[in-house]
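As given, the protein sequences belong to chains G and A, one line each in that order.
Residue 38 is where the first sequence starts when you use our numbering, and the numbers rise one by one after that.
Residue 186 is where the second sequence starts when you use our numbering, and the numbers rise one by one after that.
You can trust all of the hints, since none of them are fake.
Stretch by stretch, here's where chain G covers chain A in the computed footprint (C-beta under 8 Å, at least three residues): (1) 223-230; (2) 248-257; (3) 349-355; (4) 386-396; (5) 515-526.
Just so you know, these hints were derived from the structure itself, not from any lab.
C-beta: ideal position from N, C-alpha, C; glycine also.
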Amino acid sequence: MTAEADAFSGAGPAPDLAAATPQDGRRRWHFAAAVAAGLVGLPVLAIAWTALFPSENIWPHLASTVLPGYVATTLLLMLGVGVGTFAIGTGTAWLVAMCRFPGQRLFGWALLLPLAMPAYLIAYVYTDLLDFAGPVQRLLRDVFGWSTRRDYWFPEIRSLGGATVMLTLVLYPYVYALARASFLEQSICVLEVSRTLGRSVWRALLDVALPLARPAIAVGVTLALMECLNDFGTVDFFAVRTLTAGVFDVWLRMGNAGGAAQIALVMLGFVILLIWAERRSRTRQRFHHTSSKLRPIEGLRLAGAKAWAATAVCALPVLLGFVLPAAVLAKYALFSSTAEWTPAFFRHALNSLGLSAAAATVAVMLATLLAYAARQRAGGIVRAAIRLASVGYAIPGAVLAIGVLIPFAAFDNAVDAFMRRSLGLSTGLLLSGTVAILVFAYTVRFLAVSLGAVEAGLGRVTPSMEMAARTLGHSPSATLRRLHLPMIRGSLLTGALLVFVDTMKELPATLVLRPFNFDTLATFVYQYASDERLEACAPAALAIVAAGILPVLLLARSVGQSRPGAKRGIDRPISAPSPNSN
Amino acid sequence: MSRTLGGALLGTAMVVATLSCGALPAAADGEVNVYSLRQPFLIEPLLKAFTEKTGIKTNVVFAKDGVVERMKAEGANSPADIILTVDIGRLNDAVEAGVVQPVKSPTLNANIPESFRDPEGHWYALTQRARLIYTSKERVKPGEITSYEELADPKWKGRICTRSGKHDYNVALLAAMIAHHGEAKAEEWLKGVKANLARKPKGGDRDQVKAVSEGECDVALGNNYYYGAMLKNPEQKAWAESVNLVFPTIGGTKGTHVNVSGIAMSKSAPNRDNALKLMEFLSGDQAQEIYASADFEYPVNPQVKWSPVVESWGRFTPDDLALSAIAELRSTAVKVVDRVGYDG
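Turn these sequences into a full structure, and let the hints steer you where they fit.
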């Protein structure tokens with residue numbers, strides 16, 4: 038029997054915690070959560086503050102010129118990426134979780150690999166491959182004897198459609214990871230009952246599994262859409278004029294930071310509306326599994342053409358989203374004469390890894406605090422603060438960076454002024470321009486990711502278990518430590534790994550906020566890629582991807598193990614509750 | 186397992202925190218802190234030469250967007266001594282945000298002609314770059330196009346490529362057109378150019394030359410130094426070799442539209458003396474020659490010879506329009522781009 042199972046079955050409350058009354062414990066959690074959420078929400082509030090002081094009212098000009106186009110483009114991009122990530126993520130998750138076909142085990146983890154590929158890199162690589170001078174069109178010209186672009190039609194990669202495909206390819210793993218975990222956690226009984234009642238495999242997906250997995254899938258698609266809104270690198274490179282482009286025009290070209298903040302807030306409002314609508318539409322749906330039948334899923338054995346079709350469906354996203362772009366980068370890195378292999382490279386890699394680890398740790402701890410506090414019958418204010426804290430993900434990184442700077446620098450300057458007055462010595466900027474501000478910025482940016490994972494995990498702990506623990510005299514803290522944490526371990530790991538990979542790829546906020554003489558792999562890649570020299574930075578680009586692979590593999594393992602009864606559960610007595618199931 | 190993972194993460198975090206402490210800025214003697222909007226590999230040779238000559242260490246943060254906002258937020262305690270940037274508009278932003286201080290120096294005044302510095306000394310230009318027309322060697326005869334105005338001529342229909350109309354370089358060119366012809370005429374001109382575009386504006390200046398070499402268009406707009414950079418890059422050499430350079434005129438008789446890269450001193454500058462030394466060094470012979478030979482830009486210091494490569498592209502007359510006029514009209518120019526729907 039494992040330690041956490043021991044902890045769970047050993048019912049006696051810890052003596053030091055028994056004294057605290059439950060009510061006090063709750064209040065403390067609410068207070069801590071409100072403070073933490075408020076801190077993380079500060080940058081968004083700072084942006085809102087900036088929005089109050091535009092240098093001129095930008096809306097009449099925008100509304101009469103480019104705004105309708107920006108809005109339409111943004112909506113189309115979100116629609117395309119939303120549908121694309123949902124279809125690929127959910128479809129492949131279902132195949133891998135419920136069917137048996139050639140390569141199924143391999144795809145279980147390989148489908149997550151595109152997560153390691155930054156969107157801006159895949160955009161650069163596909164442009165090199167598919168534009169006029171690229172190998173694909175060159176081959177076509179050679180075969181058919183065309184010479185100029187006017188002789189034939191070829192889809193333009195740098196377009197709205199191209200951006201939709203690029204973003205879909207790297208963002209679907211969010212949906213895939215969460216959907217697959219959710220499918221695996223569903224008790225086989227529910228599905229078997231539905232099959233017994235005459236549902237086909239696909240009807241079982243539509244009628245039973247999908248509604249059960251809906252919260253998880255919704256989180257995945259929401260993350261993908263928010264990423265879509267904050268992306269600037271890809272859409273800028275593809276000359277797709279979204280609202281994000283509008284933010285940068287107004288800020289940098291018209292020198293109107295206030296006006297830019299207003300556009301960013303409108304985008305944010307849009308996201309909040311989206312999340313609210315989705316949550317509202319399922320307020321009265323709540324599922325907790327009540328059976329803990331731990332038999333492994335048999336899986337529908339696919340045969341013949343069907344099996345190979347399933348293999349193809351799963352292979353395509355992996356090939357296009359990971360294998361092909363990684364191969365192109367590897368080719369540049371190894372064979373291009375301009376590729377830069379410098380010793381500085383390892384320092385950048387170390388910076389990236391350390392920052393990512395720190396951000397992952399902080400983001401998951403914070404997410405656990407917030408999500409758990411919200412469960413302790415939190416009031417409207419605490420809940421609102423938590424929502425505010427998690428919307429940073431939808432704000433373009435460079436804009437968010439400014440939002441982070443304003444309160445940090447204000448704090449630093451206030452401390453400095455106080456010290457000068459009282460002690461006559463200057464402390465300068467304590468936090469701004471250090472790695473601390475970077476870790477904070479990443480936390481603000483990616484809290485939505487870890488919060489989504491933790492909330493999904495906590496959702497699976499039935500209230501009745503929690504009530505039992507509390508009735509037995511555990512304080513909220515003790516309940517968290519002895520009941521929830523062991524049960525949601527997998528979700529915590531998932532959240533941490535997602536934040537880790539996201540931080541590895543983060544670029545715009547890092548550029549603005551970093552200390553002197555400090556590079557991460559992403560900033561190192563950017564300085565060359567922005568100069569149209571992808572070959573030169575291919576080794577570093579490859580390193581970003583490579584560093585992302587290990588966490589992705591760990592992630593795949595943690596998702597695979599969320600299956601009740603999978604592996605560990607088999608040799609465990611049925612009565613012992615397995616983590617993540619109930 | 187969760188505990189070991191957490192421990193591992195925390196451990197890594199601490200290691201990095203320790204490591205990166207070495208990278209923290211220090212206000213100690215013998216340093217100068219640079220916020221740069223220019224790519225590190227462009228300015229590294231210059232800063233290296235500076236350190237070799239003076240023994241002063243340079244610390245650099247490179248970021249394209251948000252540098253001025255960072256300085257604004259950091260306020261009086263900002264560690265920045267120097268801001269290095271391209272485009273007169275960005276220099277002007279820094280002045281208007283109140284994050285730079287005026288500098289007076291006989292050396293700077295001797296090295297940099299009056300038209301290339303702010304009358305009050307808020308900023309100094311270091312290099313000059315010309316916005317050129319690149320034409321296909323195969324499909325455009327020499328002399329067929331000699332001015333920016335001709336880009337709107339219907340005879341180029343479907344033959345022109347440019348980057349986004351919102352990019353700093355094109356905004357500055359349009360601002361110059363507005364200064365010479367007035368807003369209404371400049372808008373007409375931009376409409377004409379848009380009608381002649383072979384494709385939606387996208388990519389950087391080099392992408393446009395690439396498109397000419399691939400036959401997608403015949404005429405492209407681009408800054409001069411990209412030509413040198415392409416010739417130096419084995420993968421891009423063929424693009425540059427497929428085009429001719431044209432130094433166009435503006436406003437009938439005026440010369441070629443030019444922009445600058447420049448330098449300003451931060452208002453908070455903790456290492457003021459060193460910052461001034463760096464400014465003077467960058468305007469001096471040695472640095473100006475590096476700018477010309479390594480980055481293919483035109484030195485602002487009239488005593489410095491152009492590099493042979495840059496010289497081989499030919500001499501030209503720059504438009505004598507005041508840089509401040511371009512900076513002032515930038516916001517107007519962006520709105521014209523929006524009204525024309527240039528990027529749409």
